[in-house]
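J.: Heads up: the sequence lines are chains A and B, in that order. Numbering that gives the first Met the number 0 puts the first sequence at residues 0 to 145. Numbering that gives the first Met the number 0 puts the second sequence at residues 0 to 145.
There could be a bad hint or two in this list.
As the list claims (entries may be wrong) - Listed next, with one range per pair, are the computed distances between beta-carbon atoms:
# : chain 1 : residue 1 : chain 2 : residue 2 : range
1 : A       : 59        : B       : 51        : 17 to 23 Å
2 : B       : 69        : A       : 116       : 17 to 23 Å
3 : A       : 97        : B       : 143       : 16 to 22 Å
4 : A       : 97        : B       : 71        : 50 to 56 Å
5 : A       : 145       : B       : 71        : 50 to 56 Å
6 : A       : 132       : B       : 104       : 31 to 37 Å
Said to hold, decoys possible - List time: in silico DSSO-like cross-link candidates among lysine-lysine, alpha-carbon distance up to 27 Å:
# : chain 1 : residue 1 : chain 2 : residue 2
7 : B       : 115       : B       : 134
8 : A       : 113       : B       : 113
9 : A       : 115       : B       : 24
To be verified - From the structure, some residues in chain A lie toward chain B, with a derived Cβ separation under 7 Å:
#  : residue
10 : 22
11 : 23
12 : 29
13 : 31
14 : 37
15 : 39
16 : 97
17 : 101
18 : 125
If you are wondering where the hints come from, they were derived from the structure by calculation, not from laboratory data. We treat Cβ as the ideally placed atom computed from N, Cα and C, and that holds for glycine.
This is what each chain is made of:
Protein chains: 2
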Amino acid sequence: MQISSRFTVALHIFTCLEVFKENNKVTSDFLAGSINTNPVIIRKILAQLKNAGLITVARGTGGITVNRPLEEITFYEVYQAIEPIENGDLFHFHEAPNPECPVGRNIHSLLDSKLKAIQNSMEDEMRKYTLADLKIGMQDILAKEI
Amino acid sequence: MQISSRFTVALHIFTCLEVFKENNKVTSDFLAGSINTNPVIIRKILAQLKNAGLITVARGTGGITVNRPLEEITFYEVYQAIEPIENGDLFHFHEAPNPECPVGRNIHSLLDSKLKAIQNSMEDEMRKYTLADLKIGMQDILAKEI
DNA sequence: TTTTGTTGTAACCATTGACATTACATCCAT
DNA sequence: ATGGATGTAATGTCAATGGTTACAACAAAA
Numbered sequence: 000m001q002i003s004s005r006f007t008v009a010l011h012i013f014t015c016l017e018v019f020k021e022n023n024k025v026t027s028d029f030l031a032g033s034i035n036t037n038p039v040i041i042r043k044i045l046a047q048l049k050n051a052g053l054i055t056v057a058r059g060t061g062g063i064t065v066n067r068p069l070e071e072i073t074f075y076e077v078y079q080a081i082e083p084i085e086n087g088d089l090f091h092f093h094e095a096p097n098p099e100c101p102v103g104r105n106i107h108s109l110l111d112s113k114l115k116a117i118q119n120s121m122e123d124e125m126r127k128y129t130l131a132d133l134k135i136g137m138q139d140i141l142a143k144e145i
Numbered sequence: 000m001q002i003s004s005r006f007t008v009a010l011h012i013f014t015c016l017e018v019f020k021e022n023n024k025v026t027s028d029f030l031a032g033s034i035n036t037n038p039v040i041i042r043k044i045l046a047q048l049k050n051a052g053l054i055t056v057a058r059g060t061g062g063i064t065v066n067r068p069l070e071e072i073t074f075y076e077v078y079q080a081i082e083p084i085e086n087g088d089l090f091h092f093h094e095a096p097n098p099e100c101p102v103g104r105n106i107h108s109l110l111d112s113k114l115k116a117i118q119n120s121m122e123d124e125m126r127k128y129t130l131a132d133l134k135i136g137m138q139d140i141l142a143k144e145i
C-alpha cells in the first residue's frame, strides 16, 4: 500500500507557494493547473493544512499564507496534517485475533514495540526535511535549468 | 493510509509455525483459527510467501516449512513478499504534473531523493528484526504467562 | 452596491484494494 | 480409493482515493 498522493501534492503546493507568490496570486485553480488535477481536490487538501494550523486561506479574494517560518515546518507536520491514520499506527493488524490461542492473545505484545520502532525511524527521517528545503531546492533547480 | 494487515498476519503465521510445529500440524485452517479470519485469506498470503521462496507448502498432506534459517529472514523480506508496491516507491505522486509549469516539471527532481531517504530509513529498521526474534520473543512471553 | 473572482462544501460517480466467503478441482499420504 | 489438505476462480461488501458539477458564502474592487 502506497501513501496517498495527497502528501506529495501538499509538498507540491508549498513549493509553488514559495516559487510563485511574488509574481502571481496562487489560487486553487492555479495550483490545480501545475499539479494537473481538479481545483476541488486542492481545496480539500488546503482545508486539511488549514485545520492543522499550517496555512491561512483568504476567502473571497483568494491567496494562501504560510503561518510559520519555513524552517520550522517539517515534512512530518505536513504528513500528519494530511494522513488521517487511525490512532497513529502505520501498521494495521487483523482485528480480534483469537484469545484462546497463546499466539493470538500475545501477538500485539510481541509486535507492537518492533513496529513502533520501524514507524518511528520513518517519522524521524521525515522531521529532517522542512519547507525551507523545498524552497531552496527548487530555486537551485530552476537556476540551473536556464 | 495504513500498511495492510496482510503484513502483520504474515508475521503472525511465522510465529505460529515456530510455536506449534512440534505438536500440531499447522494448516491454513489452524492458522485461520488463531488469527480469526478465513482459511482462503491465509492461503493467499502463504502463496505470496511461497512465491518469494521463504516457505514451502505441502499439497495434499498439508504443512509448512520455512526454507531458510530464521535469523536470516528479516521483517523486510516478509514485507517485500507481501506488499506489492509499484516500482517499490512508498510515496505516491499525482500522475503527470504539468510540464509547462517550472515546479510541475521539476517536482520529482526535488522530492525523489528525500522521499527515498525516508523510505530507506524505514526499510533499514525493518532489516533489524528477524523471524528468530519472533520465535524467541514469543517463547519468552509464553514462559512468563504461566 | 453591484460585479467579479475566489473559497467552502455538498452531492455525486468511478475505480481500486482489502478482506471475506463459497465452491470445487487438485493433490498426496494412508 | 478416500480423507484431508491446498490452489484458485468467482463473487460480494466495504472503505478510500480521486474526480466532477453545482452552488452558496465571501471579500475586494469597480
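J.: Checking against the hints above, which ones are violated?
T.: 1, 4, 6, 7, 9, 10, 11, 12, 13, 14, 15
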